[in-house]
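A.B. asks: For reference, the chains in residue letters:
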Amino acid sequence: MKGKLATLPMSYRLAVTSRVLAAIFGGYLVAALASVTLTLWLPLNRAEAVVTGMTVSFLVYLVAVLWCFACRSAWSAWVGLLVPSVILATVSGVARGLGLA
Amino acid sequence: MKEGFRQAMAWLHTWAGLVFGWLLFAIFFTGTLAYFKDEISHWMQPEIAAHSLDSEASLALAQDYLQQHAAGASRWLIDLPDARDPGLTVRWQQAPGKPGERGRFESRTLDAQTGVEVQGRESMGGEFFYRFHFQLQMPYPWGRWLATLAAMVMFVALISGIITHKKIFKDFFTFRPRKGQRSWLDGHNAVGVLVLPFHLMITYSSLVIFMSMVMPASIVASYGSDVRKFYDEVFPASKTPERADVAAPLTAMAPLLAKASEQWSGGHTARLSVSNPGDASATVVLSRAGDRVVHDFGRAVTFNGFTGQLLSSTPDQPMAMAVGGAFYGLHMGHFAGPLLRWLYFICGLAGTAMISTGLVIWLGKRQLKHVKSAALPFELRLVEVLNIASMAGLVSAVAVFFLANRLLPVSLAGRADWEVNVFFIAWGLSVVHAVLRPGRKAWIEQLTLGAALFIAVPLINALTTPWNLGATLMQRDWALAGFDLTCLATGLFLGWVARKMQRPGDSVSVRKASPSPRSITVEQGAN
Chain H
22 MKGKLATLPM SYRLAVTSRV LAAIFGGYLV AALASVTLTL WLPLNRAEAV
72 VTGMTVSFLV YLVAVLWCFA CRSAWSAWVG LLVPSVILAT VSGVARGLGL
122 A
Chain B
-10 MKEGFRQAMA WLHTWAGLVF GWLLFAIFFT GTLAYFKDEI SHWMQPEIAA
40 HSLDSEASLA LAQDYLQQHA AGASRWLIDL PDARDPGLTV RWQQAPGKPG
90 ERGRFESRTL DAQTGVEVQG RESMGGEFFY RFHFQLQMPY PWGRWLATLA
140 AMVMFVALIS GIITHKKIFK DFFTFRPRKG QRSWLDGHNA VGVLVLPFHL
190 MITYSSLVIF MSMVMPASIV ASYGSDVRKF YDEVFPASKT PERADVAAPL
240 TAMAPLLAKA SEQWSGGHTA RLSVSNPGDA SATVVLSRAG DRVVHDFGRA
290 VTFNGFTGQL LSSTPDQPMA MAVGGAFYGL HMGHFAGPLL RWLYFICGLA
340 GTAMISTGLV IWLGKRQLKH VKSAALPFEL RLVEVLNIAS MAGLVSAVAV
390 FFLANRLLPV SLAGRADWEV NVFFIAWGLS VVHAVLRPGR KAWIEQLTLG
440 AALFIAVPLI NALTTPWNLG ATLMQRDWAL AGFDLTCLAT GLFLGWVARK
490 MQRPGDSVSV RKASPSPRSI TVEQGAN
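First to last, the sequence lines map onto chains H and B.
FYI, the working numbering numbers position 73 of the first sequence as 94, with every residue one higher than the one before it.
FYI, the working numbering numbers position 165 of the second sequence as 154, with every residue one higher than the one before it.
No lab work stands behind these hints: they were computed from the structure.
One thing to keep in mind: the hints can contain errors.
On the chain H side, residues computed to face chain B include the following (Cβ under 10 Å) [what the hints assert, rightly or not]: (1) A36; (2) V37; (3) Y49; (4) A53; (5) S56; (6) T58; (7) E69; (8) V72; (9) S78; (10) Y82; (11) V86; (12) R93; (13) S113; (14) V115.
Output of the computed footprint for chain H on chain B, the stretches with three or more beta carbons under 8 Å from beta carbons of chain H [as the list claims (entries may be wrong)]: (15) 235 to 243; (16) 297 to 311.
Using N, Cα and C, we set each Cβ at its ideal position, and we do this for glycine too.
Full structure from sequences and hints, please.
C.D. replies: This is the structure in structure tokens:
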């Protein structure tokens, strides 16, 4: 890609921008939801579960970011983050419903 | 698909590394210096003399001093001297004028052996590098957020770099010197892989350290609006007792040190906090020194301040907090003795070198296309200027910071702030210089200047203070002597790099002015 910057089509640039945004914000969303889900489901006391959830969340963030740049298109980057987000949100919602939190 | 994945990771590594490379260089370099925070502070305030340690005697002196000068204070804080930080620091908080207000803090440094007040020159010392490392001289909390974001990018760059680099261990034994671009890449890989465990530990732990700030969702989900309760549970702190308003003499505190040490199976006390001294309600809280790998926040033993009886001891930390504490402890390296501390320092330098070689490679590869044209395209020129100022400029500014400590008049108002201002002025000037001068010349000039400045540090020290290298070596004050020697070695190293860059043909990096066509063809073949 070196030296070709000037000739790269607009669509390519938009796709890269979209992936970057997905990685930063979408990745953060997945990581935050993963930490919440872990916290609510782990059979530990509250403070310990929170700390564990936060500690692990950065690994989730990492994988999410790598996914955003490894997948085939910018659209699949978003889909690949939003689907797990919805699942994680549902699972933690269930935990709330069951009164685990 | 497999090859595509690797290419995608290479792209991510390249661009994440470039955009955050300059910031990460500054964070790594200042963080590396912060491993010798106390030693740097000792050099920058040499008036505070180092003695052989006697905690009991020092504590008795501190108690005497505070009883004379701060009898009516609501709180005393005593920081005991240790092997690295020779000062005995006492602070006290005045009883607040109105309830709900915070009382004013006063601070003095005492000689650990005589208890006499020491008038050290005003300086932030090594604390400056430590603070800059994660606060980036920005208002709270922006600097911490930016530093943590940079850490996350570093994490991504590290992992994507490992994925990109398929023959990770085979290539480690491959170093092709004097091959320009190829040598830089070999060097980048070698320092990256050699201290890879350090890189992973330092990057991940930096995220863990600030996790409750940057990833608070689970705290809110679990504690709702009662977030304070979380912090109370994780960081157990002793509550300030209500004043009884009955005068009662404070117990002698020196014997408490041994009692606390029993509770910690031999651990040492770093700080004592006395609430309501001279009142019947007085309590003395002894906090443990960070002498273990697993850092324990708020690990403390509380005594009654009148009877000297043990009141409470914080319980052992649960597993999850111990893991967090281990990351914290490993990152800070407070537990490290001299040998391990040097190893930390060297690993930090290796990380700094990895970042700088990466930045040089990025530009070197792209410059090849413009070898024959007179000027670089704007974006490449921008990267070049930022490379020079963020690396050579920062290193020189650090030397200027040290020199300012010796050259600014001791009586100057706001002296500690001026040291910092001078540092940033020097760094700013390096940007101006890099803009005005052609790339290779700017590199050579700034590196030469940095070399001269670092070599000047021990000389100016010898001319302006009695703590010259000869004297400190004779006194076996290894912190002061080591500081001078390290500056000298840094100066020689920078001079060597500057000379390497000056020699034509033997290109340290491929510059547009590189006059040898041979080296260029070799490098193009290698890419």
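A.B. asks: Give a verdict on every hint.
C.D. replies: Outcome of the hint check:
Because the closest C-beta pair between H:A36 and chain B is about 12 Å apart, greater than 10 Å, the hint is violated. Contact between H:V37 and chain B, as hinted, is supported at the beta carbon level, the nearest pair being about 9 Å apart and thus within 10 Å. The beta carbon of H:Y49 comes within 8 Å of a beta carbon in chain B, closer than 10 Å, and the hint placing it at the interface holds. Proximity of H:A53 to chain B holds as hinted, the smallest CB-CB distance being about 4 Å (cut-off 10 Å).
Evaluation of the H:S56 hint against chain B yields a held restraint, the C-beta minimum of about 4 Å falling below 10 Å. The restraint placing H:T58 at the interface with chain B holds, with a minimum CB-CB distance near 9 Å, inside the 10 Å limit. Using the Cβ-Cβ criterion of 10 Å, the hint placing H:E69 at the interface with chain B is satisfied: the shortest such distance is roughly 4 Å. Because the closest C-beta pair between H:V72 and chain B is about 4 Å apart, less than 10 Å, the hint holds.
Interface hint status for H:S78: upheld, as the beta-carbon distance to the closest one in chain B is roughly 5 Å, under 10 Å. Annotation: H:Y82 was flagged as interfacial toward chain B, and the flag holds, the nearest CB pair being 7 Å apart, inside 10 Å. Using the Cβ-Cβ criterion of 10 Å, the hint placing H:V86 at the interface with chain B is satisfied: the shortest such distance is roughly 5 Å. Interface hint status for H:R93: upheld, as the beta-carbon distance to the closest one in chain B is roughly 9 Å, under 10 Å.
Taking 10 Å as the C-beta cut-off, the interface hint given for H:S113 holds, the closest approach to chain B being about 7 Å. Interface hint status for H:V115: violated, as the beta-carbon distance to the closest one in chain B is roughly 13 Å, over 10 Å. With 0 residues carrying a beta carbon less than 8 Å from a beta carbon of chain H, the segment 235 to 243 of chain B misses the three-residue requirement, and the given coverage is violated. Figure legend: the segment 297 to 311 of chain B, annotated as covered by chain H; annotation consistent (4 residues with Cβ-Cβ distances under 8 Å, at least 3 required).
Hint compliance for this structure: hints 1, 14, 15 are broken, all remaining hints hold.
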